[in-house]
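Number of protein chains: 2
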Amino acid sequence: MTKQKKQQSIILITNDDGVTAPGIRNLAEAVKDLGKVVVVAPDKPQSGMGHAITIGFPLRMQQVHVMEGIETWQTTGTPVDCVKLAVDKVLHRKPDICLSGINHGANHSINVIYSGTMSAAIEASIESIPSIGFSLLDYSMEADFTGSRKYVREIVQKVLAMKKVDKHLCLNVNIPKAPVELLKGIKVCRQAYAKYEEDFDERRDPTGKKYYWLTGEFKNFDKGRDTDVWALKNNYVSVVPVQFDLTNYVLKKQLEQKFL
Amino acid sequence: MTKQKKQQSIILITNDDGVTAPGIRNLAEAVKDLGKVVVVAPDKPQSGMGHAITIGFPLRMQQVHVMEGIETWQTTGTPVDCVKLAVDKVLHRKPDICLSGINHGANHSINVIYSGTMSAAIEASIESIPSIGFSLLDYSMEADFTGSRKYVREIVQKVLAMKKVDKHLCLNVNIPKAPVELLKGIKVCRQAYAKYEEDFDERRDPTGKKYYWLTGEFKNFDKGRDTDVWALKNNYVSVVPVQFDLTNYVLKKQLEQKFL
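One line per chain: the protein sequences are U and B, in this order.
Note that the working numbering has the first sequence beginning at 1, numbered continuously upward.
Note that the working numbering has the second sequence beginning at 261, numbered continuously upward.
One chain only, chain U, in its complex shape (with noise of 0.2 Å):
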């Protein structure tokens, strides 16, 4: 029994639209009986923090009971200091996999940059430690997560079950907001060019100053069959894997021949 309990996989679960988020919760019941979960997340919502870490000021963390049965924590930190902190502080060693979301929201194509819950999964690969970030296309508190949970469960569970797993493997999972019975399964895809056009919205406040809300259109720039966008579109789960070495190679050839 001890033996079976000390090779428990150690489930670290962050995400950036805080501690009490639905999405959250979907996520760690979907795999709380495949390992140890422990969640250490923001205390507020932090979306679009991107890869930010706080450096100017303290960090606060304090455990809290929100969901029945889980070890949880909640930091006043970003998503990635979330992780960070859940390692060094909390689990004082690496977890076995870190999972972050489910956002509500979408992160596929050039989301994945501005996502705090991608950011998150992210810097958990940096570390060493495999990783998962689930968004489900669907940006209300009240979304249907029933599709989600069950591709959150099967992929972790692919995962998990790996021989030889690439330590800094970080996959960004996107799910289409349909019912579980018309989602067709899962495609490894590519990024999409894929992003907003910005155009912020212009307002006055009371004393008769301006201030700008960012706003947008959503464009896809990329006519590929084989993205995370033209999966979705077609009502599969996406996976793109990730990588944190932002090198470019294409041009770092002809820099070398030409530039320089």
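Among these hints, one or two may not hold up.
Okay, the calculated beta carbon distance ranges per label pair [claimed, not checked]:
#, chain 1, residue 1, chain 2, residue 2, range
1, U, E256, B, A438, 18 to 28 Å
2, B, R413, U, F57, 31 to 41 Å
3, U, S128, B, G484, 14 to 24 Å
4, B, E331, U, D201, 19 to 29 Å
5, U, Y211, B, E331, 12 to 22 Å
6, B, R464, U, E256, 48 to 58 Å
7, B, G476, U, M162, 24 to 34 Å
8, B, D293, U, R93, 53 to 63 Å
9, U, E181, B, L351, 45 to 55 Å
10, B, F481, U, T146, 36 to 46 Å
11, B, H325, U, G69, 57 to 67 Å
For the record, the hints were derived by calculation from the structure and aren't laboratory data.
Ideal placement from N, C-alpha and C gives every residue a C-beta, glycine not left out.
Guided by the hints, dock chain B onto chain U, whose structure is given.
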């Protein structure tokens, strides 16, 4: 004369240390005769903000006079917000090039991911604006920018002189902390796998409650002689071409065959 003016390059400058940092002044002064320089930068330090954007509250922006003869705007946003605001609300067009920095401190290796300086440059490249981020390996506000200014000028001139610039070109340039006469030239590199090993500094506030300062030790796990860390250690100015397609194509192929 009018025609000549129209052909002048528009150079957008931003940073993450804030509009009053010596680094951005040195950057603007180093290139101000190469085109029309417009500065749109944060009104306060935004180091470590990564690719964060502001979506939970609105932004403010105002014109300020901090650099003689250079149009300058400060915003309440992140470095990435600054690029978006500059294009949509200040320039009302895409600049010919976007420069970010000069950062007070290194942005080599994995730091590219946490860096507000580099995230601003990456944002520009997503928007099809060629961009360069500059960082000096000296955190001091009294740093000597002589070598930085020389190489900033040389690299910006090279990019502006290119017959056909990749519209997504993004360069991560780091400059060693050394007297200009000891700098050996430019080296095109890949991003090293080198990173901070976290070790939060745990303290107690006057009421006895715990808080944590992010700290850590920098470690280089990469023995390659083609990395930015190697180049900088050997007194070369490192130039890493950066991409925003995070797809791990090697892992994608493996997963297509084995995972699903």
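Taking the hints in turn, this is what the structure says about them:
Distance hint check for E256 of chain U and A438 of chain B: the Cβ-Cβ separation is about 23 Å, which falls inside the suggested range of 18 to 28 Å. Against the hinted window of 31 to 41 Å, the Cβ-Cβ separation of R413 of chain B and F57 of chain U comes to about 36 Å, which satisfies the hint. In this structure, S128 of chain U and G484 of chain B meet the distance hint of 14 to 24 Å, their C-beta atoms being roughly 18 Å apart. Distance hint for E331 of chain B and D201 of chain U: a CB-CB separation of about 24 Å, consistent with the stated range 19 to 29 Å.
The beta-carbon spacing between Y211 of chain U and E331 of chain B, approximately 21 Å, falls within the hinted interval of 12 to 22 Å. For the hinted restraint 48 to 58 Å between R464 of chain B and E256 of chain U, the CB-CB distance of approximately 53 Å keeps it satisfied. Distance hint check for G476 of chain B and M162 of chain U: the Cβ-Cβ separation is about 30 Å, which falls inside the suggested range of 24 to 34 Å. Between D293 of chain B and R93 of chain U, the C-beta spacing of about 56 Å keeps the proposed range 53 to 63 Å intact.
Restraint check, E181 of chain U to L351 of chain B: a C-beta distance of roughly 49 Å satisfies the suggested window 45 to 55 Å. At roughly 42 Å, the beta-carbon separation of F481 of chain B and T146 of chain U lies within the given 36 to 46 Å, and the hint holds. Distance hint for H325 of chain B and G69 of chain U: a CB-CB separation of about 60 Å, consistent with the stated range 57 to 67 Å.
Checked against the numbered hints above, the structure breaks none of them.
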